[in-house]
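Chemist: Here is what each chain is made of, one letter per residue.
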Amino acid sequence: MFKSDSLTLDSKKIKDFINKESNPFLKKSRNNFLKKLGEKKFNIKEEYKYTPLKQSLEKKFSLEFKIDKNIPSNIEKKILPYIVNDNSVYQIITLDGKIIKKFSNIPSKISFKNFEELDKKEKKILHQYFGENDDSDSDVFSALNGVLWSKGLFIYIKKNQIVDNPIIINNFYTSERNIFSSQLRNFIFMEKNSKLSICELDCALASNNFNSNVTEIILEERSELDYFKIQNDKNNSTSFNSTNIKQKRNSISNTFTFSFSGDMIRNNLNISLIDESCYCNMYGIYALNDDSHVDNHTSVDHIQKNSISNEHYKGIMNGNSNGVFNGKIFVRKEAQKTNAFQSNNNIILSDNAKINTKPQLEIWADDVKCSHGCTTGQLDENAIFYLQSRGINKDKAVSILINAFFDEIIQKINQNIIKDKVHKILSSKIESYLNEH
Amino acid sequence: MLSIKKLKVSIENNLILKGLNLEIKNGEVHAIMGPNGSGKSTLASVIAGNDNYKIESGSISFFGKNINNFSPDERAMMGIFLAFQYPVEIPGVSTINFIKTALNRIREFNKKKPLDAVGFLNTMKKKMNLVKIDRDLLSRSINEGFSGGEKKRNEIFQMAMLEPKLSILDETDSGLDIDALKIVSNGVNKLRTKDNSTIVVTHYQRLLDYIIPDYVHVLIDGKIVKSGNKDLALELENKGYDWL
Ligand SMILES: Nc1ncnc2c1ncn2[C@@H]1O[C@H](COP(=O)(O)OP(=O)(O)OP(=O)(O)O)[C@@H](O)[C@H]1O
Ligand SMILES: [Mg+2]
Chain C
1 MFKSDSLTLD SKKIKDFINK ESNPFLKKSR NNFLKKLGEK KFNIKEEYKY TPLKQSLEKK
61 FSLEFKIDKN IPSNIEKKIL PYIVNDNSVY QIITLDGKII KKFSNIPSKI SFKNFEELDK
121 KEKKILHQYF GENDDSDSDV FSALNGVLWS KGLFIYIKKN QIVDNPIIIN NFYTSERNIF
181 SSQLRNFIFM EKNSKLSICE LDCALASNNF NSNVTEIILE ERSELDYFKI QNDKNNSTSF
241 NSTNIKQKRN SISNTFTFSF SGDMIRNNLN ISLIDESCYC NMYGIYALND DSHVDNHTSV
301 DHIQKNSISN EHYKGIMNGN SNGVFNGKIF VRKEAQKTNA FQSNNNIILS DNAKINTKPQ
361 LEIWADDVKC SHGCTTGQLD ENAIFYLQSR GINKDKAVSI LINAFFDEII QKINQNIIKD
421 KVHKILSSKI ESYLNEH
Chain S
1 MLSIKKLKVS IENNLILKGL NLEIKNGEVH AIMGPNGSGK STLASVIAGN DNYKIESGSI
61 SFFGKNINNF SPDERAMMGI FLAFQYPVEI PGVSTINFIK TALNRIREFN KKKPLDAVGF
121 LNTMKKKMNL VKIDRDLLSR SINEGFSGGE KKRNEIFQMA MLEPKLSILD ETDSGLDIDA
181 LKIVSNGVNK LRTKDNSTIV VTHYQRLLDY IIPDYVHVLI DGKIVKSGNK DLALELENKG
241 YDWL
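Which chain is which? The protein sequence lines are C and S, in order.
Per this note's numbering, the very first residue in the first sequence carries number 1; after that it's consecutive.
Per this note's numbering, the very first residue in the second sequence carries number 1; after that it's consecutive.
Next comes chain C alone, as it looks inside the complex (with noise of 0.2 Å):
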């Protein structure tokens, strides 16, 4: 299926797909996608370079065309441990992108669908921008999620809405072994002066689920959008993500990518900042162990003048686990007084634990401030001995360092229950890492 720069794909069975879509608009959607696949015009080598498809993705997945139906029983059950009774968040529940209504309590004024339920003005928002702001040209896993993605989320918070409450989304995937089935595409429209913060969680409900989700995010004058990824699957998925957001003019993002567990990730962040004064920030925090592998491409455009944008990934790895980051920024000729900012910190455990990263900057503009930086090392022996020094044992000294490695991140997180969440994840993080050593 993967050549070196290119995708084959029974064509016959996938036409048949495309032609089963019942809405003409995403119908010629979808005929688009196939034909940047049909181009070949991705540099899989370069843009996966430390991300091995080809072994990975034959030796685990199926590459036959087939869409799977089977839900497995007592799918209930296994959802309910994930429901959270807190009336200070709003829950959304998706099994295979398909919004579980009983499980979930959004109020009806905030515009929160699957495609197929849209109104007359939401259709005409998707028709307006749907499709066009993903990273399909230059990935091919997003292009084949254009194709065959099966259900959507639409989110579209009005002019002037504030969603007072943090939105959390639990994904669940059933199919097993299988490349096309879950597939989900989100897009998330915010007008002027709206507001939201919303926290996707994935889960498989089958071991060795492959999962593809795109988001494409408009954010309109002042608007401000937090978006928060948690990746803790423990049922040895593999993950293809890419979530791009397009800033307008005085627009705020603040994006945090956490990723703890998962046989293989990747996700892509594309910012594309297309006004003047625009803000993002983009965060990251990944956990590894085992054979995990998790590589996070990010990308900022600024393309207009004075915009600020500040990146901070930070990483550790045990294990025989896997770390990438490729962080790049362009700095357009129009975007003076642009403040860029980048940096990847990396802390490896084990012996045969990795970590490939990259910063790559293109600037054009003459007045900019731009810096970055990386560090890769281990953990500091003489903080360790220090710390034991004052009666704190060693594995208590190894947790304390590792939170406080990660505390920077943490403490930009401003919703109290995420904040908690992750704190929660990465203390049993830690405890795996000190029962492994």
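Note that these hints are calculated values from the structure, not bench results.
There's no promise every hint is true.
[Stated by the list, open to error] Heads up, incomplete: computed chain C residues facing chain S, CB under 7 Å, no partners named: (1) Asn382; (2) Ala383; (3) Phe385; (4) Tyr386; (5) Gln388; (6) Ser389; (7) Arg390; (8) Gly391; (9) Ile392; (10) Asn393; (11) Ile400; (12) Ala404; (13) Asp407.
[Said to hold, decoys possible] In the EDC-like style, the derived pairs of lysine to aspartate or glutamate whose C-alpha atoms are separated by at most 20 Å in a straight line are: (14) C:Lys394 with S:Glu89; (15) C:Lys333 with C:Asp367; (16) C:Lys396 with S:Glu108; (17) S:Lys100 with C:Asp395; (18) C:Lys328 with C:Asp275; (19) C:Lys394 with S:Glu74; (20) C:Lys421 with C:Asp407; (21) C:Lys36 with C:Asp137; (22) C:Lys101 with C:Asp86; (23) C:Lys394 with S:Asp51; (24) C:Lys394 with S:Glu108; (25) C:Lys419 with C:Asp407; (26) C:Lys394 with C:Glu431; (27) C:Lys396 with S:Glu74; (28) C:Lys41 with C:Glu132; (29) C:Lys234 with C:Asp291; (30) C:Lys195 with C:Asp275; (31) C:Lys396 with S:Asp51; (32) C:Lys396 with S:Glu89; (33) S:Lys190 with S:Glu28; (34) S:Lys54 with C:Glu381; (35) C:Lys354 with C:Glu47; (36) S:Lys5 with S:Glu23; (37) S:Lys100 with C:Asp407; (38) C:Lys28 with C:Glu132.
Beta carbons are placed, not taken as given, at the ideal position from N, Cα and C, and that holds for glycine.
Starting from the known structure of chain C, fit chain S with the ligands onto it as the hints suggest.
Modeler: Relative to chain C, chain S with the ligands alone:
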């Protein structure tokens, strides 16, 4: 209290301590002097249990127990405290939380109830006063961005909080101005009891005017080559180490 016998210690296959003997009884103050690189900090680290160093032979006993294989935290709980020559900066860990964790570990070991927030705060205030350390400093990350003198003062503050039986002060006087030196020495003296003992490693006789030692030892090339009373320090100040 502490008994070191024929101690040989190496790091990365270099023998640093070459058969060292030292006996310290309850309530005594011992000064250790010696040229740069002679092994003073090595000795201090090894007593505190730093496992970067390898004990080739010999023994370290604390209250009659051989502690060669004890971890640094076990030793700390038994009452050994090292004030570092170069205190480590640990970003992201608040000094106060750290000391609270440490103190309660040690209390637990001694079968005492952990201090609650109020109890801890009261103790802290008392000890802060003793070494004249600023509250602001303690709310920062451990030693992060502290000046040289502030780091040393923080070491003594921790000593005051943890109330060890044996304190090892490794060049705590280096980098302190005269006033700070007096404050720190005064703190050390106030914490002295007839039971707890102190080892002061120093290059300067001046400190020994404030913290008066019962014994002075000269450490050269991994061995104690001469021991005496406080007059020995004066003699070293005048003559250097060449005559030994
Ligand atoms: N990792 C190491 N590898 C090799 N030699 C080392 C190592 N660490 C320390 N040493 C050596 O051990 C010797 C003793 O060092 P130590 O720090 O104990 O000296 P010191 O007496 O405290 O000196 P100072 O007065 O300068 O503080 C020195 O020669 C030093 O270079
Ligand atoms: Mg020294």
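Chemist: Run the structure past the numbered hints and jot down the numbers of the failing ones, going up.
Modeler: none
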